[in-house]
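Undergrad: Residue-level listing of the chains:
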Amino acid sequence: MSEQEKNAPYLDKRSSRRTFIKNSGLTVGGVVLGGALGSLLSKDSTTQTHETGVHSTATAVNFNQALMYFDKTQFDTIEAAAEQIFPKTEVGPGAKELLVAFYIDHQLAGSWGLNSKEYMSGPFYPAEATSLFGHQTHLNRQQIFNLGIEALNSEAAKQYKAKFSEITAEEQVAILQAFEAGEVTLNGAVTSTYFFSLLKSATIEGAYADPLYGGNKDMAGWKMKNFPGHQMSYANIIEKDEFVKIEPTSLNSQHKH
Amino acid sequence: MAKKLPKTDIVLAGVGWTGGIIAAELTKKGYKVVGLERGKERKTEDYLMVHDELRYQQRNEMMQDLSKETLTLRHDRSKRALPYRQHGSFLIGDGVGGSGEHWNGLTYRFFPYDFEIYTKTVERYGKDKIPADMPLQDWGITYNDLVPYFEKFEAMAGISGETNPHPEVPEVKYPTVPLKETPSMKMFKEASKNLGYHPYIAPAATLSESYTNPDGISRAACQYCGFCERFGCEYGAKASPVVTVLPVAKETGNFEVRAHCVVRKVLHTNGKATGVLYVDTRTGEEYIQEADVVVVSAYALNNIRILLNSQLGRPYNPESGTGVIGKNYAYQMTSSGSTGFFKEKEFNLYAGTGALAGVLDDFNGDNFDHTDLNFIHGGNIALGHYGKRPISNNSVPKGTPTWGKEFKDESIYWANRSLSVGSQGSVMPNKENYIDLDPTYKDQFGDPLLRMTFNYKDNERNQQKYIRDITTKILEEMGADMITTPGDQGDWDTTKYQTTHNTGGVIMGADPKTSALNNYLQMWDCENVFVPGASAFPHNSGMNPTGTVGALAYRAAEGIEKYLKTGGSLV
Numbered sequence: 001m002s003e004q005e006k007n008a009p010y011l012d013k014r015s016s017r018r019t020f021i022k023n024s025g026l027t028v029g030g031v032v033l034g035g036a037l038g039s040l041l042s043k044d045s046t047t048q049t050h051e052t053g054v055h056s057t058a059t060a061v062n063f064n065q066a067l068m069y070f071d072k073t074q075f076d077t078i079e080a081a082a083e084q085i086f087p088k089t090e091v092g093p094g095a096k097e098l099l100v101a102f103y104i105d106h107q108l109a110g111s112w113g114l115n116s117k118e119y120m121s122g123p124f125y126p127a128e129a130t131s132l133f134g135h136q137t138h139l140n141r142q143q144i145f146n147l148g149i150e151a152l153n154s155e156a157a158k159q160y161k162a163k164f165s166e167i168t169a170e171e172q173v174a175i176l177q178a179f180e181a182g183e184v185t186l187n188g189a190v191t192s193t194y195f196f197s198l199l200k201s202a203t204i205e206g207a208y209a210d211p212l213y214g215g216n217k218d219m220a221g222w223k224m225k226n227f228p229g230h231q232m233s234y235a236n237i238i239e240k241d242e243f244v245k246i247e248p249t250s251l252n253s254q255h256k257h
Numbered sequence: 258m259a260k261k262l263p264k265t266d267i268v269l270a271g272v273g274w275t276g277g278i279i280a281a282e283l284t285k286k287g288y289k290v291v292g293l294e295r296g297k298e299r300k301t302e303d304y305l306m307v308h309d310e311l312r313y314q315q316r317n318e319m320m321q322d323l324s325k326e327t328l329t330l331r332h333d334r335s336k337r338a339l340p341y342r343q344h345g346s347f348l349i350g351d352g353v354g355g356s357g358e359h360w361n362g363l364t365y366r367f368f369p370y371d372f373e374i375y376t377k378t379v380e381r382y383g384k385d386k387i388p389a390d391m392p393l394q395d396w397g398i399t400y401n402d403l404v405p406y407f408e409k410f411e412a413m414a415g416i417s418g419e420t421n422p423h424p425e426v427p428e429v430k431y432p433t434v435p436l437k438e439t440p441s442m443k444m445f446k447e448a449s450k451n452l453g454y455h456p457y458i459a460p461a462a463t464l465s466e467s468y469t470n471p472d473g474i475s476r477a478a479c480q481y482c483g484f485c486e487r488f489g490c491e492y493g494a495k496a497s498p499v500v501t502v503l504p505v506a507k508e509t510g511n512f513e514v515r516a517h518c519v520v521r522k523v524l525h526t527n528g529k530a531t532g533v534l535y536v537d538t539r540t541g542e543e544y545i546q547e548a549d550v551v552v553v554s555a556y557a558l559n560n561i562r563i564l565l566n567s568q569l570g571r572p573y574n575p576e577s578g579t580g581v582i583g584k585n586y587a588y589q590m591t592s593s594g595s596t597g598f599f600k601e602k603e604f605n606l607y608a609g610t611g612a613l614a615g616v617l618d619d620f621n622g623d624n625f626d627h628t629d630l631n632f633i634h635g636g637n638i639a640l641g642h643y644g645k646r647p648i649s650n651n652s653v654p655k656g657t658p659t660w661g662k663e664f665k666d667e668s669i670y671w672a673n674r675s676l677s678v679g680s681q682g683s684v685m686p687n688k689e690n691y692i693d694l695d696p697t698y699k700d701q702f703g704d705p706l707l708r709m710t711f712n713y714k715d716n717e718r719n720q721q722k723y724i725r726d727i728t729t730k731i732l733e734e735m736g737a738d739m740i741t742t743p744g745d746q747g748d749w750d751t752t753k754y755q756t757t758h759n760t761g762g763v764i765m766g767a768d769p770k771t772s773a774l775n776n777y778l779q780m781w782d783c784e785n786v787f788v789p790g791a792s793a794f795p796h797n798s799g800m801n802p803t804g805t806v807g808a809l810a811y812r813a814a815e816g817i818e819k820y821l822k823t824g825g826s827l828v
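Going line by line, the protein sequences match chains A and B. Here our numbering is used: the first residue of the first sequence is 1, the next is one more, and so on. Here our numbering is used: the first residue of the second sequence is 258, the next is one more, and so on.
This is chain A alone, in the form it adopts within the complex:
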């Protein structure tokens, strides 16, 4: 692709979304590939008629369910990986239903992704840092996720000739186990173990943080764990011998009175 073609979509304000996708190398021979693009295109005004009836379903629209940081492939990768870390089981929903990948996306877009309250001055000595000394890389979490996602997909391509989100659950688990064990080389100053630990802790957070952050959809994470969320007082139950099950309330309720 020529330099001019690359720049064209940004320079030409009349350029349609379809032109942008065509020119940014996301198509092969002009044929649009993959579900990710399908969903992008369906938002285009010219293809409005093809939109499936999302708005006509009884489910309320969650306007929070949109990407701030990831592109669609990155999102799909993280959604699949998070689901293996915290899967749907008989006990209740998994990461996907709890919208954990949206939670992670939103967190990465902000101060957590940018390590803004952490000491990020050099010099860095990642080789001298054992796991007992924590984060010793110049990369922030956005960059670490980019590298981790890239490696998840290249491992999937190498072993199974597909994207990480397209391989079977067992295959995904095997790759994640290799990441956890530090057996995969990321293309940067960070280990696959560190990336995995970030992904794992963020997944647990997304399942159980107050829904105000975009995960823990409908407080379903709390309901599974019998955690009542935000309550004003337990003075009346603190001494009780039997388990007291309380319908959870989120911090959103603070705004209802």
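Misleading hints may appear alongside valid ones.
Partner residues aside, some chain B positions facing chain A, computed with beta carbon under 7 Å [as the list claims (entries may be wrong)]: (1) H308; (2) D309; (3) L311; (4) Y607; (5) P647; (6) W660; (7) T751.
Within a straight-line C-alpha distance of at most 25 Å, the following computed PhoX-like cross-link-like pairs (lysine-lysine) qualify [to be verified]: (8) B:K437 with A:K240; (9) B:K688 with B:K722; (10) B:K450 with A:K240; (11) B:K655 with A:K88; (12) B:K377 with B:K714; (13) B:K297 with A:K200; (14) B:K602 with A:K223; (15) A:K240 with B:K443; (16) B:K300 with A:K117; (17) B:K325 with A:K117; (18) B:K297 with B:K325; (19) A:K200 with B:K662; (20) B:K522 with A:K117; (21) B:K325 with A:K223; (22) A:K240 with B:K600; (23) B:K822 with B:K285; (24) B:K770 with B:K722; (25) B:K662 with A:K223; (26) B:K600 with A:K245; (27) A:K96 with B:K662; (28) A:K245 with B:K437; (29) A:K88 with B:K600; (30) A:K117 with B:K753; (31) B:K297 with A:K117; (32) B:K443 with A:K245; (33) B:K450 with B:K722; (34) B:K260 with B:K699; (35) B:K602 with A:K245; (36) A:K200 with B:K655; (37) B:K662 with A:K88; (38) B:K699 with A:K117; (39) A:K163 with B:K662; (40) A:K240 with B:K602.
Quick caveat, the hints were computed from the structure, so don't treat them as lab data. Predicted model only: the values in this text are computed from it and were never measured. Positions of the beta carbon are idealized from the N, C-alpha and C atoms, including for glycine.
With the hints as your guide, set chain B onto chain A.
TA: Quick look at chain B alone, frame taken from chain A:
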């Protein structure tokens, strides 16, 4: 050029518990006090959205912004120290009220043994009990001397508690009744009694009932909401500087707090401080606040840093063992706790408060015979009912995978069926555990960061093995179906939360050669500088330090008043 401000009687570098107590005591007497605080202002209304585990517990909302200032860490002198880039092992507070805003509220008195640890160890076991590399020291003050100050702190905060029934521990009468007892605390107490130990309900700064303190401050009772440690209290039930001593100081009209102001240095000439140099981080401007007395009342670690960066006092040299600033840095050890899993019983673990616990001191201090043991001191043993929140509460029996289907289902199943019996292990000083300035890393102003050289030594490792057998035994007696016991204490892990009970570095004592402060917390080398806080502890005991920090702050307040009247060294 820094702008000079009109002189005041007393300037505080840090407005937490120690600064707050000193401000309240001295403004009541008519002295003018200026409090400089690097963080923001705080009020109870800030905590209306506080039941947020992500923001306060995972992301450490109330803690120091490490991008601006942190420290570097290493296990021993042979290594390069690496920056503490994100919070882990300990959580340094920030803002008006300091760590006193986000503490648990467990309020103990150190034992008579602690204050005379060297003398009492030699008396009972002989000199050989103390290893050559352990600079064990008496504190230059006795427990009996400190009793009135302990009482002052407990009355001010309204400590709720029960008398410790251990025969070796002095009797304490608390101003309010103990907190409510949960079924799991009852199980812990019963099991411990069966084993011949002396359990009781821990003394708490979270009020069991409404209370009005001697300063006329009224506060309401704790609601057991389950969001306490690492969080601020929206009820004002947890004693903190913002709801106790600071309003008293403000009421006098003699107190001014300047938030967002970072003290960089104590200025001094000819062995006397003239004031402090600080930066208002909002305007970016530098100021000099002159004062008759400078109180270095920041967090323990930051007290050391301010003194080292001010070139005040003699820095400790681990090679020769001489010098005092940075000496006897100590910490605590929490690796002796065990977790029990109870199939038949579900507990209301989401409820609780930061200081709700059953505790015993049978293996703490010198309350048990160490003749045949390869360590001194010990730790308290407690079952806390602090409120378990879902992100951080994922206890699973040993052998369970740490993610995936089995982890998910097990962590949910056991969430309300597991109880931990923990221990807060003391740490004795070691010649090789110390603090100095880092040669490489700098803060936002280009001042050197602190460098912490610390690791657990034999005394702690041996203590840990001994105590974890007791915590396991108690859980067995409680009827746990499965018990997860920790392995041996390894090297210090800087990434896992242990405690924020960092002590030492500016220690008190009777001898200016081996200590930095006399028993009024007055610097031997600079008579108008007082350094209260846990930095004054010559070793760390097996319990929470704030009760002792509070008592010493009242002692320092008395010393400052004496100094302002008479001048000179008070001891």
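Undergrad: Does each hint hold? Answer for all of them.
TA: Going through the hints against the structure:
1. H308: Holds, about 4 Å.
2. D309: holds, 6 Å
3. L311: holds, 4 Å
4. Y607: Since chain A brings a Cβ to about 5 Å from B:Y607, closer than 7 Å, the hint holds.
5. P647: Cβ of B:P647 sits 4 Å from chain A, so the hint holds.
6. W660: It holds, given that the least Cβ distance between B:W660 and chain A is near 5 Å, below 7 Å.
7. T751: holds, 6 Å
8. B:K437 with A:K240: The given pair, whose Cα atoms are some 10 Å apart, holds under the 25 Å limit.
9. B:K688 with B:K722: holds, 23 Å
10. B:K450 with A:K240: holds, 22 Å
11. B:K655 with A:K88: holds, 23 Å
12. B:K377 with B:K714: The given pair, whose Cα atoms are some 22 Å apart, holds under the 25 Å limit.
13. B:K297 with A:K200: Violated - the C-alpha atoms of A:K200 and B:K297 are around 33 Å apart, more than 25 Å.
14. B:K602 with A:K223: holds, 19 Å
15. A:K240 with B:K443: At roughly 12 Å apart (the allowed maximum being 25 Å), B:K443 and A:K240 satisfy the hint.
16. B:K300 with A:K117: It holds: about 22 Å lies between the C-alpha atoms, which stays within 25 Å.
17. B:K325 with A:K117: Satisfied, since the Cα-Cα distance of roughly 8 Å is no more than 25 Å.
18. B:K297 with B:K325: Satisfied, since the Cα-Cα distance of roughly 14 Å is no more than 25 Å.
19. A:K200 with B:K662: holds, 13 Å
20. B:K522 with A:K117: Given pair B:K522, A:K117 holds - Cα atoms ~24 Å apart, limit 25 Å.
21. B:K325 with A:K223: Status violated; Cα separation ~39 Å.
22. A:K240 with B:K600: Holds - the C-alpha atoms of B:K600 and A:K240 are around 18 Å apart, at most 25 Å.
23. B:K822 with B:K285: holds, 15 Å
24. B:K770 with B:K722: violated, 35 Å
25. B:K662 with A:K223: Roughly 17 Å between the alpha carbons, so the hint for B:K662 and A:K223 holds.
26. B:K600 with A:K245: holds, 17 Å
27. A:K96 with B:K662: Distance ~14 Å between A:K96 and B:K662 Cα, so the pair holds.
28. A:K245 with B:K437: Measuring from Cα to Cα gives roughly 20 Å; hence the hint holds.
29. A:K88 with B:K600: This hinted pair holds, its Cα atoms lying about 24 Å apart.
30. A:K117 with B:K753: Roughly 18 Å between the alpha carbons, so the hint for A:K117 and B:K753 holds.
31. B:K297 with A:K117: Holds, because 15 Å separates the two Cα atoms, which is no more than 25 Å.
32. B:K443 with A:K245: holds, 21 Å
33. B:K450 with B:K722: Roughly 22 Å between the alpha carbons, so the hint for B:K450 and B:K722 holds.
34. B:K260 with B:K699: Holds, because 24 Å separates the two Cα atoms, which is no more than 25 Å.
35. B:K602 with A:K245: holds, 14 Å
36. A:K200 with B:K655: Distance of about 19 Å is within 25 Å: holds.
37. B:K662 with A:K88: Satisfied, since the Cα-Cα distance of roughly 8 Å is no more than 25 Å.
38. B:K699 with A:K117: Holds - the C-alpha atoms of A:K117 and B:K699 are around 16 Å apart, at most 25 Å.
39. A:K163 with B:K662: holds, 23 Å
40. A:K240 with B:K602: holds, 12 Å
Of the numbered hints given earlier, the model fails hints 13, 21, 24; all others are met.
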